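Taken in order, these protein sequences are the chains called A and B. Just so we're aligned: the first sequence equals residues 1 to 220 in UniProt numbering. Just so we're aligned: the second sequence equals residues 1 to 264 in UniProt numbering.
Check the hints yourself; a few may be wrong.
For the chain A half of the interface with chain B, some residues (derived, Cβ under 7 Å), not all of them [what the hints assert, rightly or not]: (1) K4; (2) S109; (3) G110; (4) P127; (5) G128.
List of simulated lysine-lysine pairs, DSS-like, C-alpha gap at most 25 Å [said to hold, decoys possible]: (6) B/K94 / B/K161; (7) A/K132 / B/K78; (8) A/K165 / B/K180; (9) B/K110 / B/K161; (10) B/K92 / B/K168; (11) A/K165 / B/K32; (12) A/K39 / A/K65; (13) B/K33 / B/K161; (14) B/K32 / B/K168.
Read the hints as simulated data drawn from the structure, not as lab findings. In this text the structure is predicted, and so the values were computed from the model without any measurement. Every residue gets a Cβ at the ideal spot worked out from N, C-alpha and C, and that includes glycine.
So the chains spell out like this:
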Amino acid sequence: MAGKSYVTIKGIKEGLVFLLDDQCEFVTLLDELNTKLDKHEQQFTGPIVHIFIKLGSRQVEEEDKERIRSILRRQGNLLIQSIESDPPAIDPNVKLAPSLHTMTGIIRSGQTVEYSGHLLLLGDVNPGGTIKCSGDVFILGALRGAVHAGTEGNVDAIIAASLMKPTQLRIADIISRPPDEWTSAEPWMEYAFLRDGTMAIDKMTSLNRQRKEVMQFKGV
Amino acid sequence: MGEAIVVTSGKGGVGKTTTSANLGTALAIMGKKVCMVDTDIGLRNLDVVMGLENRIIYDLIDVAEGRCRVNQALIKDKRFDELYMLPAAQTKDKNDITPDQVRQIIESLKPDFDYIIIDCPAGIEQGFRNAIAGATQAIVVTTPENAAVRDADRVIGLLEKSHFPSPKLIINRIRPNMMKNGDMLEIEDICQVLAIDLIGIVPDDEYVIKAANSGEPTVMNVNSKAAIAYRNIARRILGETVPLSQLEEKSGMFRKVKKFLGMG
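Take the sequences, apply the hints, and build the full model.
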């Protein structure tokens, strides 16, 4: 076996730990496991040895676990105690598609909420209260304070509120000061977005024209 | 064990001291044993409004620093046997006492009184933290002005953070005519923004100024509209269900009728 070894065997008090590489092909791994066991055949005879198998970040199906077991079973004295993978690590891609975080309560004067991702607030933002968010902000309630969406420069971020009466809105680095620039007291839900670099307000139903997300409807 | 209620507002000049004096007196009129505590150290006013300035011997700082017992510093009101006040020091400032010291003093008063009304200074700094330290309930006073409502909102946020689960709201200095004409913030709008329980509304009444200058709390005068409002608030503190005072009741009814007829 040239280069890196994919199977590392470590002795611990309770028995042996098999550290299996989590980057290589699964087949390669099984091959090497076979080779290793053949090579050390003598060492694997005698009293019963407890085996703990660690797969690293590799997530495997039950079927594949069975394949590992069947290889080890060739050695009569090896008793498999566990086959474990690390809990799924946080995928770096998650950052690209931030999750929606839900918050309940009133953001009062002097209080600031900062969040990385999209934020859904069930409650009001009072004058003097601030939300800063790297993604979109949705407020089921009255927006009377200040909101900054797309803080990390996302010009496609939006700010939606049941009652749109903010003291200030910011999307990316664009600042808008109602009511000097625009007013709204519409009884329906509205959202603010950037149209050619300036703040615009529209009713919620117009959002899909802007985002053009494909929605899959079930049913007839 | 008595209940300690802090009267606060954030903004100055909205009527914290007047409210404290009148609620304290109103509760005493209703037969409760009341102690009013002025925590506005350096700018004490409660004694002036109550007309008890000339009776001060010891003050809050003297008690905190152990120069006297709390009973020695209490001033008995000249009108009621069951009404006392603990004055603030005038020569010190807010940093000369700590929240823990105030809490201890309030705790030592609780066994002897039904209600302890704590008059809070304006602001949200040390003085505010001192005032709320010993209290278990809070009353936020505001007036129908944007600035006052903004500050009340800030204070409510701080109170909620300091584990006051449900502060109560008093809207002070209401001018019914201005409100009717839309020149003043509406009660409903204020309540919508602040989103806490309204415990009373007090009309703007010239008599309040006159009473404060003569050292007689307004509630003593049964002809004053503000006096009725304060008495109603005191009854609500005692747990009675009292409808909002007349100016509100009338306009409220009127509005309901208008709404019913489709004019509102």
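Next item on the list: Could you check the structure against the hints above and give me the numbers of any it violates, in ascending order?
Entry: 1, 7, 10, 11, 13
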